[in-house]
Structures are given as C-alpha cells and as structure tokens.
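The sequence shown runs -25 to -1, 1 to 469 under mature numbering (1 follows the signal peptide of the UniProt record, and there is no 0).
What the hints contain is simulated information worked out from the structure, not anything from laboratory work. Every value quoted in this text rests on a predicted model; they were computed, and no experiment measured them. Any given hint could be a false lead.
[Unchecked claim] Simulated restraints, written as ranges between beta carbons of each label pair:
no., residue 1, residue 2, range
1, A100, Y381, 15 to 23 Å
2, A100, P288, 39 to 47 Å
3, S329, L78, 28 to 36 Å
4, Q389, A255, 22 to 30 Å
5, V291, Y401, 18 to 26 Å
6, Q389, N83, 26 to 34 Å
7, S329, F67, 20 to 28 Å
Backbone N, C-alpha and C define an ideal beta-carbon position, used for all residues, glycine too.
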Amino acid sequence: MIRIRVWPALQALVCILTAAMPVDAAMLVSPGNSVLRHDLRFLDDRGIIRMPLSAWPISQADIERALKAVDDASLSVAELAAMNRIRDRLHFERRGARVSYGLSLASNPREIRAFADTPRDESNAVVGLEWSGERVAVSLQAGYAANPVDEDEYRLDDSWVGFLLGNWIFSAGWQQRWWGPGHDGSLIMSTNARPMPALSMQRNSSEAFDNRWFGWIGPWTASVFMAGLDDERGINDALLFGFRFTFRPTENVEIGLSRSAQWCGIGRPCDGSTLLDLLAGKDNRGVNVGPEDEPGNQLAGIDMRWRLPTEQPLAVYMQWIAEDTRRGGPELGSWLRLAGLEYRGNASSWQHVSHIEIAETSCRRGGLGFSDNNPGCAYEHGIYRSGYRYRGRSIGHGVDGDGLTYSLGTTLLQSTDRSWDAKIRYSEINRLGANSAMHSISATGIEQFDLFIRHNRQISSGEISLGLGWLKRIDSIDQGREDDLQAFLQWQSN
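Produce the entire structure from the sequences given, and follow the hints as far as they go.
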C-alpha cells in the first residue's frame, strides 16, 4: 500500500524552492479582500478586462496582464478609481521582501464566514515574512491565537511557497481557497474553515487557446490540489483532493466546474488504484464496491455568473453542487443550491456592489435538485464521519449541512482609502431534524438573524478594520432565545 504524507512532502518542497530567490514580483492573490474583488469584477463587467474571477487565489501575473492592455485615457472617473485601487494593491503585493504584522480582537467572532476576511478567534497576532522573485515566491506567516475554538494556538495559516514553471504555478502550504461567484458562501470550497496543508498547481495566465478547436472556451484557468486533513477526525490522516476549471466562453458569462473528494486515511485504501477509482467516480457502495473498498466521499458541480445585457449593471449567478449519494456508478446524487442577484453602481462619490443571495445546503434528490429533501446528507458521510469539515468548521458553506440562508449585503467604496460593508442575514441552521452531533454550529435546529457592519480605512501604519454586529438565535426545541453583540478590531501593517 502506498500512503501519501502531505507534511513531509511540504517540508521537502519548501527546502527545494527556497534555495535561490531573485527579487521581482509576487505570484498569488489570496481571497478575503472584498474591495479588490469588486474592483476586478467592476472592470470586467465594463468590458475593460476579461479573465476568470470566481476561483481564488488568483494569479497576480494574470491580473497585471489584463491591466497592461488598458488605456487610462479612455476610462471614466469610477473606472479609473477602480484601476488605481487595483494597481495600489498589486504594488503592495509585489514588493520584493517585506515583514508584516497583524493583530485582531473580537467579541463573539462570526461563525458563518463570507468572502471578506474577519477574525476567527477572540484574539490573534501574526508576524509575516514575504519574499518574492521572478519564479519563486514565499509567504511565511507565524500566528498565535488566544483561547482558539479548535485549541490550536500556534498556526501557519496563509504560509506558502510557490514556483513558476512554464505557465503553471506549483505551490505548497496553507493557502485559502474560494470557488464560486457567491458573496456570502461557496457550497464546495470557501474560507469558512482554516486552510489545510496542501500541494497544489494552477494556471498562471488565463489566455485563451489560439486554435479553432478550443478557442471558443475563451480565457480559462485550472487548479488542482491534494491537502492533508491533519486535525483529529473519525478517520485520521485523511486527504482532500480538489479540482477546479473556470472559463469565459463569452464576455458576459463565466462558468466553473468543481470537484472535491475525501479519501485515504488510517484504515482506508490509499493506493494508486483507489485514487483512479475515485477519479472515475467508482466510490459508492453498490455494484462490486463494499464498505472496505469504498474509495471516498465526493462533491462535484457547476457554477455560473451571467452579466445581463441590460442598461443597468445587473448580474445573476448560481452554484449547484451534488453529493455522491447514488450507488453503482459515477452519477451525481443529491444537490445543494445557491443563487444570487448582483447590482453595481455609483452614488455621488461612492461606488457600490450590492447582492441578494440564497443558499440551501439540504440535499435535494432528482435531476436538478427540485425534489424531496434528504436530511443528514449534505457534508456528511458514513465512513468519513467527521464529514466535509476541518478543525470544526465546514469546508463548504459556513451554514454547514441542512441549512437555509438568505442574505442582503452591500460594499461601499470611497476614494482609495476607505470602504464600508453591511449585511443582513437570516438562517435556518440544521433545520431538518437530523441533529448531527458533528454539525459545526448547532447539534439541533436553530433560527438565526444577524446584522453586520464593517468599516475599513487606510492609516499611516497600514489598514484598520472595525466591525459591529448583532446576533439573535432561537432554538427550535425549547424556543429559547439568545441575543449577542459582536465586535472586532483588525490591523494589518503596510
């Protein structure tokens, strides 16, 4: 039996890649910056740039390539402001060697994390060293959290090393990922859980194929990773495989195909043939597959964003992700669903992006998931009993399984140094009575309403963020009510 160990492989790769480092440019832009995401999408919707924007981290070289083709003289005031904010951020990211510091304090940290970065714990301190070159980039982040939820005080989250070979970036480390067009969540890969140690590969430039056979795909990118689930689990030392393909067949449409799978681990098959069976979809008990041979637990699906051909800057988006619940073949089974409407505009000196989003993380049987509910299915598995979670948090949508959530949010931007975020969200958590003890938020059904406001501002020493919120919960069993105030303060150095 061949057993894959991610951590020793990571150590070896770090030693190889850090042997020589000329200083020039950064490599990957991580998720979490909602202002940068808005600016990129704003320019893309205006037809000024064209590149895939729903799979993070994004190649910095790809962003720079898209910006180089832009003539500033042809831009409106709002477009030029967005362009300058992006350039300022890229200039910050591409400085050769720098030391950074970060601090955060939080009261009742938000459990359901969206795209924007917010504190995970009551207090956290990080010291970082970043060094980047023509073909090598390194980010070392040493963090300490006081009284963390997962009891892991010392951490290397967001530490990674990358190497550019041809048009591909090979990297190793603890990188955060976000797959999909959603603002409030992703059904398959979000930043809700802490990053896992992983080996990964992704395309550097998203330029389209230059031939008649595949040119119709348009700009495209792809990424693949193998991560180690190194927390305490029902099956220890399990691995997580992930694959993402994103393409732009037209200026208005972006499509993403995603797949992830838990496999391997102590007591489970972990050889090459098992991986091939997993990739082929032969991973459910049924025809010639018994419990001892079942390769793993998979999710797969599609997402799409369509900018409407209207005078108003509107876009609709969706994400359909399936649990592999059917037996005897690779067919997709029960569906999780997310949909949203996005609007961008200007008000006086402000720019804004607003959204309405709904997500249902209950498995729905049937072709497109419009049939009966299947309780206790989403993010759960009979063998991998810790489910689709890492260190006590859902790897997919933050509401975890058997949830329903509605959100209304907006991001306001003024000039280059300040922004506001506001969100109202209503959630039904663990609502179908499965009462999973592994559920990351509540073992019983609850209703939750939360209101959240955040302000970001540049100061001389870096960026400071202040967040305030109110959370109300009602237990479905005894109708008990909890009201909590939430607050946090973050500072990140220049």
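Comparing the hints with the structure gives:
1. A100 - Y381: 15 to 23 Å: With a Cβ separation near 35 Å, A100 and Y381 fall outside 15 to 23 Å, so the hint is violated.
2. A100 - P288: 39 to 47 Å: Since the Cβ atoms of A100 and P288 sit about 40 Å apart, the hinted range of 39 to 47 Å holds.
3. S329 - L78: 28 to 36 Å: 31 Å, holds
4. Q389 - A255: 22 to 30 Å: 52 Å, violated
5. V291 - Y401: 18 to 26 Å: 21 Å, holds
6. Q389 - N83: 26 to 34 Å: Holds - the Cβ-Cβ distance for Q389 and N83, about 28 Å, lies within 26 to 34 Å.
7. S329 - F67: 20 to 28 Å: The hinted range 20 to 28 Å holds for S329 and F67, with Cβ atoms some 27 Å apart.
In this structure, the earlier hints numbered 1, 4 are contradicted, and the remaining ones agree with it.
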